[in-house]
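Listed below are the residues making up each chain.
2 protein chains.
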Amino acid sequence: MTYCVGLLLDEGMVLLSDTRTNAGLDNISTYRKMFTFEEPGERVITIMTAGSLSVTQTTVARLREAIEEDDSAHPSILKAPTMLQVAEIVGKTLSDVTTEISDKMERMSQRASASMIVAGQRKGGAMRMFLIYPEGNFIEATEDTPFLQIGEHKYGKPILDRVVTPQTSLLDGQKAALLSMDSTLRSNLSVGMPLDLEVIETNACRVTMKRRIEAEDDVFKAMSADWSNALRDAFTDIKI
Amino acid sequence: MTYCVGLLLDEGMVLLSDTRTNAGLDNISTYRKMFTFEEPGERVITIMTAGSLSVTQTTVARLREAIEEDDSAHPSILKAPTMLQVAEIVGKTLSDVTTEISDKMERMSQRASASMIVAGQRKGGAMRMFLIYPEGNFIEATEDTPFLQIGEHKYGKPILDRVVTPQTSLLDGQKAALLSMDSTLRSNLSVGMPLDLEVIETNACRVTMKRRIEAEDDVFKAMSADWSNALRDAFTDIKI
Chain C
1 MTYCVGLLLD EGMVLLSDTR TNAGLDNIST YRKMFTFEEP GERVITIMTA GSLSVTQTTV
61 ARLREAIEED DSAHPSILKA PTMLQVAEIV GKTLSDVTTE ISDKMERMSQ RASASMIVAG
121 QRKGGAMRMF LIYPEGNFIE ATEDTPFLQI GEHKYGKPIL DRVVTPQTSL LDGQKAALLS
181 MDSTLRSNLS VGMPLDLEVI ETNACRVTMK RRIEAEDDVF KAMSADWSNA LRDAFTDIKI
Chain S
1 MTYCVGLLLD EGMVLLSDTR TNAGLDNIST YRKMFTFEEP GERVITIMTA GSLSVTQTTV
61 ARLREAIEED DSAHPSILKA PTMLQVAEIV GKTLSDVTTE ISDKMERMSQ RASASMIVAG
121 QRKGGAMRMF LIYPEGNFIE ATEDTPFLQI GEHKYGKPIL DRVVTPQTSL LDGQKAALLS
181 MDSTLRSNLS VGMPLDLEVI ETNACRVTMK RRIEAEDDVF KAMSADWSNA LRDAFTDIKI
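Chains C and S, in that order, give the protein sequences. The numbering used here applies: residue 1 is where the first sequence begins, and numbers increase by one. The numbering used here applies: residue 1 is where the second sequence begins, and numbers increase by one.
No lab work stands behind these hints, which were simulated from the structure alone. The reader is advised that the hints may include incorrect statements.
No copy labels: a pair is met if it fits in one copy or bridges any two.
[Said to hold, decoys possible] Calculated lysine to any residue pairs in the SDA-like style (CA-CA distance at most 20 Å, straight line):
#1 239 to 229
#2 221 to 189
#3 79 to 231
#4 239 to 167
#5 210 to 84
#6 92 to 71
What you are looking at is a predicted structure, and each value in this text was computed from that prediction instead of being measured.
Please model the complete structure; the sequences and the hints are all you need to start from.
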């Protein structure tokens, strides 16, 4: 499994993904699930992936190839005039790859699928964030629902529901994303450290902060312990 | 959907279930999902149900019939010598009903299934709690994992993972179960009020507290608001 979350805030975007990939329970590896494409100051696009690794790797590889080749059959996401068209290119590529791989797997009565979060901004355009479904269609984060999640989303949703609004600061946004990840790490073994964290400030059109958080990261460990203690204290204080 | 949770604590058991049943999103009803069978002081058995209403109602109805008839083909759960045998009777009945109903539905390429939590004690025996799967097999709550959940279990699991141990008091156990339900109610529309709450104290062999909590219940509303505020305060205090 996987857990990726993206927040679309007035001040910018916060993106967080884990790195655990498993085939069954006894074959666990670490793979990056966050991919950034940028021309700093001009445009930035970050893609996070969940689902079958063969589908996500092939999709990202084809998007990269198209950036180098850029012909009408394989348009480059770095040349697309709007973020909406970026989402459409990613959606079409994902849907094509999913279909091809599933056709191969059908003989074994299996299917492969994946979903993605695509977030970015080009100079002069608005900052936008999309969730792309395996079929290639997508939904967009809005003021009412300023976050998107893929993978194992349930354990980490209550904290986001409670604290995230478009007015949330970038610092609080990072805190909310990390605590949401912390709840997921605790309850689902197939989501694992290290984590990739990225911040894209509004109108910067580039990644303004990028960090890999390792399992032994002291700040993350302290935050996780503080949150556990705060929850236990809050629990003790509640009256019924 | 449904959410039911049972805690097996040193001081006794806490059982909590919602009451929402839906066929699709536009056909929502209220049905009790907690059923108690008792000879006060001698034995008490409470069953909570999740899944297809036709399966759970038929299973509970057959268990009731068997209590009245009690022959070797249909043993009564109130006469079973141990809680393990109660779990086996419930498991067999559930599996039989699931198979019968699924056979009928197979023509429509559909299946029906359900799972149950069975908790209780008979005089002289230990207090025990089981989770019965649709196939009739079961697992038991232990010291290491002193709670069982059926239905929409993910949203409400983090709080239980953090605060519930066998040494948790009955009052704190009720609080933990209610807060776990509160998180689930917030995140999944198909889990709904009113709630049924029951406490069975160790060695009492009867229900020692039983309460239906309506949507307008002031105590529950205050607890839910206090918890939201406490979480927001804790969030504000965390440093990253």
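- Item | Hints breached by this structure | 3, 5
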